[in-house]
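Participant: Just so you know, the protein sequences line up as chains P and C, in that order.
Taken in order, the first sequence gives residues 25 to 138; the numbers are from the numbering used here.
Taken in order, the second sequence gives residues 164 to 277; the numbers are from the numbering used here.
Careful, some of the hints might be misleading.
What the hints assert, rightly or not - Example chain C residues on the side facing chain P (calculated, C-beta under 10 Å, incomplete):
(1) Phe197
(2) Glu205
(3) Lys212
(4) Gln264
(5) Leu265
(6) Thr266
(7) Phe267
(8) Lys269
Unchecked claim - Stretch-level coverage of chain P by chain C, calculated; a stretch enters the list once three of its residues show a Cβ under 8 Å from a Cβ in chain C:
(9) 54-66
(10) 69-83
(11) 129-138
Stated by the list, open to error - Under the rule of at most 16 Å between Cα atoms (straight-line distance), these lysine to aspartate or glutamate pairs were calculated in the EDC-like manner:
(12) P:Lys33 x C:Glu205
(13) C:Lys272 x C:Asp218
(14) C:Lys215 x P:Glu103
(15) C:Lys240 x C:Glu226
(16) C:Lys269 x P:Asp62
(17) P:Lys68 x P:Glu83
(18) C:Lys272 x P:Asp62
If you're looking for bench data, these hints aren't it; they were derived computationally from the structure.
Glycine residues also receive a C-beta, built at the ideal position from the N, C-alpha and C atoms.
The residues making up each chain are set out below.
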Amino acid sequence: NAGVTQTPKFRILKIGQSMTLQCTQDMNHNYMYWYRQDPGMGLKLIYYSVGAGITDKGEVPNGYNVSRSTTEDFPLRLELAAPSQTSVYFCASSLGQGRSYEQYFGPGTRLTVT
Amino acid sequence: GNSVTQMEGPVTLSEEAFLTINCTYTATGYPSLFWYVQYPGEGLQLLLKATKADDKGSNKGFEATYRKETTSFHLEKGSVQVSDSAVYFCALSYPGAGSYQLTFGKGTKLSVIP
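Modelling step: build the complete structure from the supplied sequences, incorporating the hints.
Facilitator: As structure tokens, then:
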């Protein structure tokens, strides 16, 4: 199993450019999440999805969009990149059953906006 | 709302020293509690978990006990190794949220020197 994969690993954007961060999981998990991690801070939830076709905002959704057309994929879209979006982005997935609520994380995408 | 507070870092220890990283939480109901570890340049990995009061999670020599009376989930290891150098995150997940989303502490960076 590959688990959760993310592409690209690194990206530099100019202010105002757009890009899509890709996330795929092969564990047949219902729940998927996007987090951002700023230096010295914990992870903050951007968006999440409880299944194909269903998405909802997390704590810091402004400036981002998501879609979930399949169980496996959960791309994150930045429409007009701003320096405040410089961060490391992590995708995660969870089976979403029982009480363990364990989330599995991808390796991250390091994004710099200049 | 839910929140997690963990001790400020960085923490520097000599090899074979005893480790404690404090974590306390605020949540309604009965959350599940987790410790995640992030090695340099990697995503987060689940280290251990506990889903109800008085449960003890353990893995790789690390332990943490879910203490409802003190709302704490302190991480301990009797003898740290250089390979334990990483950032450690305490987190909770509250079933009432419906999304199984995680709330993270800010992380504690541990450096173990030979």
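Participant: Less than 10 Å between beta-carbons is the criterion; does Lys269 of chain C satisfy it with respect to chain P?
Facilitator: Holds: closest Cβ of chain P sits about 5 Å from Lys269 of chain C, inside 10 Å.
Participant: Is it true that the CA of Lys272 of chain C sits at most 16 Å from the CA of Asp62 of chain P?
Facilitator: With a Cα-Cα distance of about 14 Å, the restraint between Lys272 of chain C and Asp62 of chain P holds, given a limit of 16 Å.
Participant: Apply the coverage criterion to the region 69-83 of chain P and chain C: a residue qualifies when its Cβ sits closer than 8 Å to a Cβ of the chain, and three qualifying residues are needed.
Facilitator: holds (count 5)
Participant: Take the shortest C-beta to C-beta distance between Phe267 of chain C and chain P; is it under 10 Å?
Facilitator: holds, 4 Å
Participant: Is the Cα-Cα distance between Lys33 of chain P and Glu205 of chain C 16 Å or less?
Facilitator: Holds, at about 11 Å.
Participant: When you check the alpha-carbon spacing of Lys269 of chain C and Asp62 of chain P, does it fall within 16 Å?
Facilitator: holds, 10 Å
Participant: With a cut-off of 10 Å, does the beta carbon of Lys212 of chain C approach a beta carbon of chain P closely enough for the hint to hold?
Facilitator: holds, 6 Å
Participant: Does Glu205 of chain C hold up as a contact with chain P if the rule is Cβ-Cβ below 10 Å?
Facilitator: holds, 6 Å
Participant: Quick one, is the Leu265 of chain C hint okay against chain P at 10 Å, beta carbons?
Facilitator: holds, 6 Å
Participant: Within a Cα-Cα threshold of 16 Å, do Lys215 of chain C and Glu103 of chain P meet the stated pairing?
Facilitator: Outside the cut-off at roughly 42 Å; violated.
Participant: Does Asp218 of chain C sit within 16 Å of Lys272 of chain C, going by the straight-line distance between their CA atoms?
Facilitator: violated, 25 Å
Participant: Does Glu226 of chain C sit within 16 Å of Lys240 of chain C, going by the straight-line distance between their CA atoms?
Facilitator: With Cα atoms ~6 Å apart, Lys240 of chain C and Glu226 of chain C stay inside 16 Å; holds.
When the structure is compared with the earlier hints, violations turn up for hints 13 and 14 and for no others.
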